[in-house]
Amino acid sequence: MIARVFCRLTTAAVALGVAMGSVAAEQVNIYSYRQPFLIEPVLDRFTEETGIETRVVYASKGLNERLQREGRNSPADLVLTSNTSNLVELVDKGLTQPVESEVLEENIPAQFRDREDHWFGLTTRARLIYASKDRVKPGEITRYEELADPKWKGRICTRSGKHPYNLSLFASMIAHHGEKETKKWLEGLKANLARKPQGNDRAQVKAISEGVCDLSLGNSYYFGKMITNKEEPEQVDWAKSVNLVFPNQEDRGTHMFISGAALTKYAPNRDNAVKLLEFLSGEQAQYLYAEKNFEFPVRPGTQRSDLINQYMGEFKEDDISLTEIGSHVPTASKLVDEVGFDF
Amino acid sequence: MVNMQNNFSAAGADASGRSWLVLVAAVALLVALPVLAIFWLAFFPEENIWPHLLETVFFHYVSETLVLAAGVGFFTLVTGVGAAWLVTMCRFPGRGFFEWALLLPFAVPAYVIAYVYTDLLEYAGPVQGALRDWFGWQTARDYWFPEIRSMGGAIAMLSLVLYPYVYMLARAAFLEQCGSIRAASRALGCSPWQSFLRVSLPMARPAIAVGLSLVLMETLNDFGTVDFFAVRTLSVGIYDTWLSRGNLGGAAQIACSTLVFVVLLISLERLGRARQRHYVQSPARNEDTYRLRASGAWLACGFCLLLLVAGFGVPLLVLGSYALGNFASYWTDDFIGIAGNSFALSAGAAACTALLGLILAYGKRLFPTRAVRVLVSFARLGYAMPGAVMAIGVLIPLGAFDNTLDAFMRSQFGVSTGLLLSGTVFAILFAYTARFLAVSAGAAETSLEKVTPSMDRAARALGRNSWQTLWYVHLPLVRAGLLSGALVVFVDCMKELPATLLLRPFGFETLATYVYQFASDEMLERSALGALMIVLVGLLPVILLSRSMGRKGRAAGPELLRETEAPAL
Chain A
1 MIARVFCRLT TAAVALGVAM GSVAAEQVNI YSYRQPFLIE PVLDRFTEET GIETRVVYAS
61 KGLNERLQRE GRNSPADLVL TSNTSNLVEL VDKGLTQPVE SEVLEENIPA QFRDREDHWF
121 GLTTRARLIY ASKDRVKPGE ITRYEELADP KWKGRICTRS GKHPYNLSLF ASMIAHHGEK
181 ETKKWLEGLK ANLARKPQGN DRAQVKAISE GVCDLSLGNS YYFGKMITNK EEPEQVDWAK
241 SVNLVFPNQE DRGTHMFISG AALTKYAPNR DNAVKLLEFL SGEQAQYLYA EKNFEFPVRP
301 GTQRSDLINQ YMGEFKEDDI SLTEIGSHVP TASKLVDEVG FDF
Chain B
1001 MVNMQNNFSA AGADASGRSW LVLVAAVALL VALPVLAIFW LAFFPEENIW PHLLETVFFH
1061 YVSETLVLAA GVGFFTLVTG VGAAWLVTMC RFPGRGFFEW ALLLPFAVPA YVIAYVYTDL
1121 LEYAGPVQGA LRDWFGWQTA RDYWFPEIRS MGGAIAMLSL VLYPYVYMLA RAAFLEQCGS
1181 IRAASRALGC SPWQSFLRVS LPMARPAIAV GLSLVLMETL NDFGTVDFFA VRTLSVGIYD
1241 TWLSRGNLGG AAQIACSTLV FVVLLISLER LGRARQRHYV QSPARNEDTY RLRASGAWLA
1301 CGFCLLLLVA GFGVPLLVLG SYALGNFASY WTDDFIGIAG NSFALSAGAA ACTALLGLIL
1361 AYGKRLFPTR AVRVLVSFAR LGYAMPGAVM AIGVLIPLGA FDNTLDAFMR SQFGVSTGLL
1421 LSGTVFAILF AYTARFLAVS AGAAETSLEK VTPSMDRAAR ALGRNSWQTL WYVHLPLVRA
1481 GLLSGALVVF VDCMKELPAT LLLRPFGFET LATYVYQFAS DEMLERSALG ALMIVLVGLL
1541 PVILLSRSMG RKGRAAGPEL LRETEAPAL
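Protein chains in written order, with the numbering used here: chain A, 1 to 343; chain B, 1001 to 1569.
Warning: the hint list may mix true and false statements.
Unchecked claim - Take a look, some chain A residues computed to stay more than 10 angstroms from chain B by CB distance:
hint, residue
1, TYR58
2, LYS206
3, ASP342
As the list claims (entries may be wrong) - Which residues of chain B face chain A? A partial, calculated answer using Cβ under 7 angstroms:
hint, residue
4, ARG1095
5, GLU1099
6, ALA1140
7, LEU1243
8, SER1244
9, LEU1448
10, VAL1451
11, SER1454
Quick caveat, the hints were computed from the structure, so don't treat them as lab data.
Cβ atoms here follow ideal geometry from the backbone N, Cα and C, with glycine treated the same way.
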């Protein structure tokens, strides 16, 4: 009896799966490394305006492999990522195609897209130093390089050195200072850690508010997420316990990275996908997309949200090529192992 | 019961017997495909990772893995065997309740209990907050409190939800032990403790070893919990090599070496009891139990209560309070559909694994040759693989199949068949089956082993072929065992996250993926309702399981998931 029920359920489930895999008229299929609740509002607006439906598979890892294994029959049109290395890997594996679009070229500055237009940045984020309001005087730390200064011994918190956000920062250090210098810097930073790297960027700010440490590394948008958090109001207190430091304002500028998108090589809905890309680079979507996640729009001249203006204002960005940074990420990962950063 | 190693080669040597051999080989290969794909990947690394790994972090990974495995192994053994002994052999208040309730923590996913306890026990949590108010401490620097995000925390969390494996199997073994042997040992002057340590425990060892091996494999393949607690085990090394070094082949090599470790561990245990044979005569009767006196009884009761409250009560309360607080805003129409997806998928996978497990076990019974044994063992290795790696192993053969078929159809008939299997629910079902077959195949095998071979011979002498013998003779006898295996698989599937996340169709959510999307962003409260549903839906089979456990005296009772051989190899 039970076996029969199981069988029926299985058949139903498989039928459902096949039905969902079938091709509808006007649609874009998206593989997303970005969480659904971040992209849904913008995608809904796109559907409202164009009548094109969007369908999403979200996963935190492995979508590149899925695309590769599905090959020429993959239903995916666009891949949305939250860092550059996934985009660079997609291009390296030959899974993308270039997009020639005047709209995209106009909306997205050159440093935020691939030289051959295989991928496009959609929003930018800054890797900041969060500093305790009580225990760190304004101006006491102004550069990433100073994180290795012994005066911060036992006062710094960070997430795993292997996280893409940290690897990206470390890769930019390699690009600017070379591998040897960066290793020395990493050893210094490691020696200054208050605890074994753990948790996400937000957990470090929480640690500052709890007095575990005085400085932490964190992406800019986490501040916005905390200071406006209605569901968990204690996060507002965490955010209020720190000052934001935009490092290296006197020299190369603050380390930036992007969330971005690439058009897949065999995109079955190519035209619709390009429409969505163009929509995402347009003023309205840029404002929405950036505002929802407290990121910075890539499109010059887009209005920034009030919150960004209030807490972050204008700052100098490091405009080194993202492709170059991406090329140093494996080396950065190697260095993290060599200095035993996570142990 | 008779050792049946040599009894069936003759029975299998007719036409229907040979068809079994083909079927078993086909099923075993099919299920082993993902693991084989990972082995294949391991031959094509981007670069040789080992010099760097060995020089830097490899021994850290290995030592943290060993400490974690040893810790979880130790605590699940002590609590699982201890609790099983207490509820089987002793009489104390609440025994009948604990007998089944002690299985409940099994329904709680490890990553969920990790989130819950972190929320409670970290600095900002209610426990430390209350302590600070009470003693007037100001900051974290004023006092010491154990850090939940640590090795100790990870061991505690995993032990709390994994001990039911050991408990379930140890209890079934104790129930089956012949009471007269214990009585004899007592008559020969053993104290109850000595009788336990020198007679009952060694006799239950095979079953306990099976439970422990399931626990250890779950520990090895865990990523969510250890990552959350900053414990860097080999599975962290696998993901790091794959994702931040862009070296999938290298990651596959680490995964394969983990499997070697599992194989070694299980072989060692088997070697240790190579000469032991246990045959079951008659199950224990209730009159054999010890009546515990006052202090002992309350101690036993307290011990069981602690396990139950810590592993199930606390998570349920915390999740319940979050979920109820915002019930209206979280309970949407989508949500019912999502729960339905989880239920249907898990039920489907449970049915698949039960069926395939039975085929493999029966095939092994008909043809107990070395080749068949190795093949069947290989099909079970998926259990020790980290979920996302297993998912990649599923992508490869399905993608190859779909694209080869498509290319063929295009060239021959000018029709494109596209992706038939990749990106459908089938891919998830396949992943679940390949991953959890170890559980149900083990259950099927041990149930079958208890059917005396003379039944087979009688059926065959009366003119039934091997298919009919299975259908009319074996199936009714092993039904309870199969069902309990399927129920364990069902609960495991409800909790499965990484493979589901990567393999699912567009817009498809299960409870686990729903929880993950919020929990990964540390929005525990938003994810609470989903997590609660996983626990509650997972509860149904656990209750079924425990009810069938409680039916003592009937054949169904001891039938439960008892295995005399370690399931993986």
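Cross-check of the supplied hints:
no.: 1; hint: TYR58; verdict: 7 angstroms, violated
no.: 2; hint: LYS206; verdict: 7 angstroms, violated
no.: 3; hint: ASP342; verdict: 6 angstroms, violated
no.: 4; hint: ARG1095; verdict: 30 angstroms, violated
no.: 5; hint: GLU1099; verdict: 23 angstroms, violated
no.: 6; hint: ALA1140; verdict: 5 angstroms, holds
no.: 7; hint: LEU1243; verdict: 6 angstroms, holds
no.: 8; hint: SER1244; verdict: 4 angstroms, holds
no.: 9; hint: LEU1448; verdict: 17 angstroms, violated
no.: 10; hint: VAL1451; verdict: 19 angstroms, violated
no.: 11; hint: SER1454; verdict: 27 angstroms, violated
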